[in-house]
Every structure is written in C-alpha cells, then in structure tokens.
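Participant: At position 331 of the sequence shown the residue is numbered 331 (the UniProt record's numbering), and the sequence of numbers has no breaks.
I should point out that these hints are in silico values taken from the structure, not numbers from a laboratory. Backbone N, C-alpha and C define an ideal beta-carbon position, used for all residues, glycine too. You may find that some hints are simply not true.
Okay, derived cross-link-like pairs now, BS3-like style, lysine-lysine, Cα gap no bigger than 27 Å in a straight line [what the hints assert, rightly or not]:
hint : residue 1 : residue 2
1    : K265      : K348
2    : K258      : K326
3    : K93       : K44
4    : K247      : K178
5    : K231      : K247
6    : K368      : K353
7    : K27       : K39
8    : K178      : K124
9    : K326      : K351
10   : K227      : K93
11   : K178      : K93
12   : K227      : K351
13   : K247      : K258
14   : K247      : K199
15   : K39       : K124
16   : K231      : K265
17   : K251      : K265
18   : K227      : K251
19   : K351      : K258
20   : K93       : K39
21   : K199      : K231
22   : K351      : K265
23   : K178      : K199
24   : K351      : K199
25   : K348      : K326
26   : K326      : K344
27   : K265      : K353
28   : K199      : K258
29   : K348      : K227
30   : K353      : K227
31   : K227      : K199
32   : K293      : K353
33   : K199      : K348
Derived CB-CB ranges, DEER-like [claimed, not checked]:
hint : residue 1 : residue 2 : range
34   : Y87       : K265      : 41 to 49 Å
35   : P229      : L114      : 37 to 45 Å
36   : P229      : L358      : 18 to 26 Å
37   : P25       : R246      : 17 to 25 Å
38   : E94       : R337      : 46 to 54 Å
39   : G268      : E232      : 24 to 32 Å
40   : D189      : S261      : 52 to 60 Å
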Amino acid sequence: MRNDQIRERPANRTPVIIITHEFYPRKSGIAIYVQEMAKSIQEKGYEVTVWAPSASKVNKRHFPYTVRTLPVSFSFGFMFPFAFVYYLIRHRKEISRSILFLPEPGFIHSMIYLQLLPLIQPAKLVVALHGSEIYSFASFLHRRLLFRRFLQNADRIAVVSRFTRNLLDSFFPNFHGKTVVTANALRTDLPRDLSEPEKDPNSKIILTVARIYPRKGQIYVLEALGKLPLKERMETVYWIVGPANRKHYLKRLVTYAKNHSINIKIFGEVNEEELSQIYRQADIFAMTSVPYKRSIEGFGLSYLEASSFGLPVVGFRFGGVNEAVKDGETGLLCDQRDTDALAKNFHKLLKNKGLRDLIGRHGISWAKQNSWPANANALLRNL
Numbered sequence: 001m002r003n004d005q006i007r008e009r010p011a012n013r014t015p016v017i018i019i020t021h022e023f024y025p026r027k028s029g030i031a032i033y034v035q036e037m038a039k040s041i042q043e044k045g046y047e048v049t050v051w052a053p054s055a056s057k058v059n060k061r062h063f064p065y066t067v068r069t070l071p072v073s074f075s076f077g078f079m080f081p082f083a084f085v086y087y088l089i090r091h092r093k094e095i096s097r098s099i100l101f102l103p104e105p106g107f108i109h110s111m112i113y114l115q116l117l118p119l120i121q122p123a124k125l126v127v128a129l130h131g132s133e134i135y136s137f138a139s140f141l142h143r144r145l146l147f148r149r150f151l152q153n154a155d156r157i158a159v160v161s162r163f164t165r166n167l168l169d170s171f172f173p174n175f176h177g178k179t180v181v182t183a184n185a186l187r188t189d190l191p192r193d194l195s196e197p198e199k200d201p202n203s204k205i206i207l208t209v210a211r212i213y214p215r216k217g218q219i220y221v222l223e224a225l226g227k228l229p230l231k232e233r234m235e236t237v238y239w240i241v242g243p244a245n246r247k248h249y250l251k252r253l254v255t256y257a258k259n260h261s262i263n264i265k266i267f268g269e270v271n272e273e274e275l276s277q278i279y280r281q282a283d284i285f286a287m288t289s290v291p292y293k294r295s296i297e298g299f300g301l302s303y304l305e306a307s308s309f310g311l312p313v314v315g316f317r318f319g320g321v322n323e324a325v326k327d328g329e330t331g332l333l334c335d336q337r338d339t340d341a342l343a344k345n346f347h348k349l350l351k352n353k354g355l356r357d358l359i360g361r362h363g364i365s366w367a368k369q370n371s372w373p374a375n376a377n378a379l380l381r382n383l
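Can you make the complete structure from the sequences, with help from the hints?
Facilitator: Here it is in structure tokens:
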C-alpha cells in the first residue's frame with residue numbers, strides 16, 4: 001500500500017457532527033455531496049456522525065461512519081422545528097465538543113433562528129452553500145440580517161462552485177477569507193465495471209438525469225428536438241431519468257412529445273446499477289437548466305457523471321454549469337432558452353460520431369479533476 005493510501009487516524013481530531021435533511025435514500029446532488037463529504041472526512045481520521053431524518057432504508061445500509069436518525073421525517077411539517085430544537089438541546093454538550101457541519105439549506109434555515117438562543121455552541125461551525133439558498137436568505141430583510149450574523153459566526157463556509165462564491169459575495173460580502181470551493185466530484189458508489197450494452201445503430205439516445213422539474217429544463221430539450229428534421233427526429237429517442245416532483249410538468253412533457261412526434265421514454269427513479277447501464281446506452285447527455293423562481297444550478301453533478309461515461313454534454317450557459325462543462329471540449333453550451341441554438345448543437349452531434357467520441361474522451365479526463373478527499377482537506381484545514 002502506498003503512503004498516500006494509508007488512512008490518517010490521529011487520536012486528537014475533534015469529532016464532526018453533520019446535520020442534514022438531504023441524505024440516503026434521496027439521490028439529489030446535495031444528498032450525494034453529504035454522503036461523499038462524510039466519507040472523506042471520516043477517512044481523514046475524524047470521527048463522523050451524520051444526523052439525518054428517520055427512514056427505514058437508512059438503517060439497512062452500511063455507512064463507513066455513524067448515522068443517527070433524528071426524530072423528524074424527510075417530509076417535516078409545522079412541528080419539525082420544535083422536535084429539532086428539543087433534540088439539539090438534549091445533545092448540546094456533545095455539540096459543544098464537536099465541529100458542527102451544516103451542508104444543506106433545510107437545517108441552516110432553522111439554525112439562523114436558533115443562533116438567537118445561546119444554548120447551541122459548537123466547537124467550530126462549518127456551513128456549505130449550493131446556490132439557491134443564497135437568494136432565499138437574501139430575499140427578506142430579517143432573513144438577510146440573521147443569515148449575515150450566522151455567516152459571521154461560521155468558522156468555514158464551503159461553496160460548490162466559483163459561481164456560488166461570487167453569488168455569495170454579491171449579497172453577503174466580506175466573507176471571502178473564510179470561504180473555500182468544494183466542487184462536486186464523481187460519486188464513489190456508481191458502478192463503472194459493467195459490461196458494455198448493445199446499441200441500436202439506427203437510433204440515437206439523448207439522456208437527461210434530473211428530477212422532472214421546471215428548473216431542470218426538460219421542456220427545452222423537447223422544443224429543440226421538435227425543430228430537428230422529421231427523419232432525424234424519428235431516429236432519436238429522448239430518455240428522462242429522475243423523480244417527477246411536479247406531475248403537471250411531467251404531463252406537459254409527455255403531451256409536447258406526442259404532439260411533435262418525439263420519441264420519449266420516462267424511467268422515473270432508478271438504482272445505481274440501472275443508472276450506470278443507462279449512461280452506457282446513451283449517445284448524448286442533455287440538461288438545460290434555467291433559473292426558476294429562486295432556484296438555480298449551483299454546479300450540476302449529473303454533467304460530470306455523464307462526462308465520466310464518455311457522453312458529450314449539451315446544455316445552457318447558466319449558473320455553475322460552465323464549471324461542470326468545458327464548452328467546446330466536454331460539451332456544447334448555448335444561451336438560456338435558445339432552442340434554435342440548442343437544436344443546432346443536437347444536430348451537430350447526432351450527425352457526427354467522430355465529434356461525439358472526441359468530446360466524450362475529453363469528458364472522461366475532465367470528470368476526474370475534482371475529488372472528495374481534496375474537498376474534505378479544504379473544508380477542515382486548520383480548524
């Protein structure tokens with residue numbers, strides 16, 4: 001075993017408590033971020049405990065760190081804050097001896113109010129921001145003031161992209177010195193040693209892996225496909241993988257595809273092995289995220305995953321997408337909602353296998369640039 005593979009296990013490391021609403025069995029980008037960061041922090045020699053809402057599946061899965069279930073559900077209601085406050089007060093001594101890491105917006109929202117009570121005082125406070133929550137906290141004066149105070153009390157602020165860091169600076173300046181970028185990296189539980197599936201040489205598959213939700217922009221993929229020549233359209237199938245958060249939006253997608261003679265297949269949620277096979281079967285990956293209400297794309301882990309499977313990526317220039325996709329090298333980007341340009345990018349890739357393969361090869365190397373161990377180092381350095 002090489003020296004750099006040996007786990008560092010110093011005895012004097014401060015324990016780390018991670019409190020999160022986004023966790024297994026959820027498959028969101030934030031849930032993956034939490035699981036991978038917890039694993040890498042544990043491997044650095046810290047004693048990590050994840051506090052997450054109760055779910056029966058959590059107890060059936062092995063984690064390399066301790067998982068403690070909170071007395072709240074994933075779909076919390078009005079009583080959630082009270083149960084959470086009571087639990088924190090009961091364990092305040094444990095928190096006072098630990099680094100408290102809050103990696104997602106749900107519990108941060110509670111903590112900006114709880115900071116008004118001097119009961120919860122962690123040894124160190126670390127927070128991770130993904131993008132959309134910055135708009136949310138900045139939208140109302142009282143939240144803005146409370147969140148600014150919360151950031152002042154934080155010892156480290158992690159952001160998932162340079163875009164998110166700039167967004168934070170624009171609303172809440174003067175925290176640059178304690179901010180680090182911990183960009184999403186490839187998840188470690190996605191199988192990559194599966195056999196290569198057979199592909200239909202007469203059909204091309206365009207794939208989106210994302211929850212079926214207006215911000216993910218599946219409708220713009222369909223609008224662009226509807227502008228392709230009929231023959232090219234009929235030789236293309238659009239695969240959508242992900243949970244349907246908005247049923248009316250799913251119905252809109254299916255209706256549009258039917259009215260414009262677009263072949264479409266909806267998978268819903270799939271497990272990791274099924275997802276790996278789907279990536280291997282696809283020819284092009286597309287995720288055309290757009291701003292929606294106060295929600296933005298801070299990075300976009302699916303772009304990196306698709307690149308790691310050698311897929312050329314198509315999308316919009318928006319948010320942190322430019323940091324997940326290298327325009328012209330690992331994918332083709334165009335302006336938001338420009339479905340004419342989007343259709344041209346699809347046409348260019350559908351008709352040119354050599355270009356797809358070239359961009360795909362670049363993507364495989366590009367996807368390996370970020371790592372969770374490096375993120376863990378940046379997050380906890382000198383704390």
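Participant: All hints are to be evaluated individually against the structure, with a verdict given for each.
Facilitator: Going down the list of hints, with the structure as the test:
no.	hint	in the structure
1	K265 - K348	holds (23 Å)
2	K258 - K326	violated (33 Å)
3	K93 - K44	holds (24 Å)
4	K247 - K178	violated (41 Å)
5	K231 - K247	violated (30 Å)
6	K368 - K353	holds (23 Å)
7	K27 - K39	holds (16 Å)
8	K178 - K124	holds (13 Å)
9	K326 - K351	holds (21 Å)
10	K227 - K93	violated (62 Å)
11	K178 - K93	holds (26 Å)
12	K227 - K351	holds (15 Å)
13	K247 - K258	holds (17 Å)
14	K247 - K199	violated (31 Å)
15	K39 - K124	holds (19 Å)
16	K231 - K265	holds (19 Å)
17	K251 - K265	holds (13 Å)
18	K227 - K251	holds (20 Å)
19	K351 - K258	holds (24 Å)
20	K93 - K39	holds (24 Å)
21	K199 - K231	holds (19 Å)
22	K351 - K265	holds (22 Å)
23	K178 - K199	violated (49 Å)
24	K351 - K199	holds (16 Å)
25	K348 - K326	holds (17 Å)
26	K326 - K344	holds (18 Å)
27	K265 - K353	holds (23 Å)
28	K199 - K258	holds (24 Å)
29	K348 - K227	holds (13 Å)
30	K353 - K227	holds (21 Å)
31	K227 - K199	holds (25 Å)
32	K293 - K353	violated (38 Å)
33	K199 - K348	holds (20 Å)
34	Y87 - K265: 41 to 49 Å	holds (43 Å)
35	P229 - L114: 37 to 45 Å	violated (58 Å)
36	P229 - L358: 18 to 26 Å	holds (24 Å)
37	P25 - R246: 17 to 25 Å	holds (21 Å)
38	E94 - R337: 46 to 54 Å	holds (49 Å)
39	G268 - E232: 24 to 32 Å	holds (27 Å)
40	D189 - S261: 52 to 60 Å	violated (38 Å)
Of the hints listed earlier, those the structure fails to meet are numbers 2, 4, 5, 10, 14, 23, 32, 35 and 40, in rising order.
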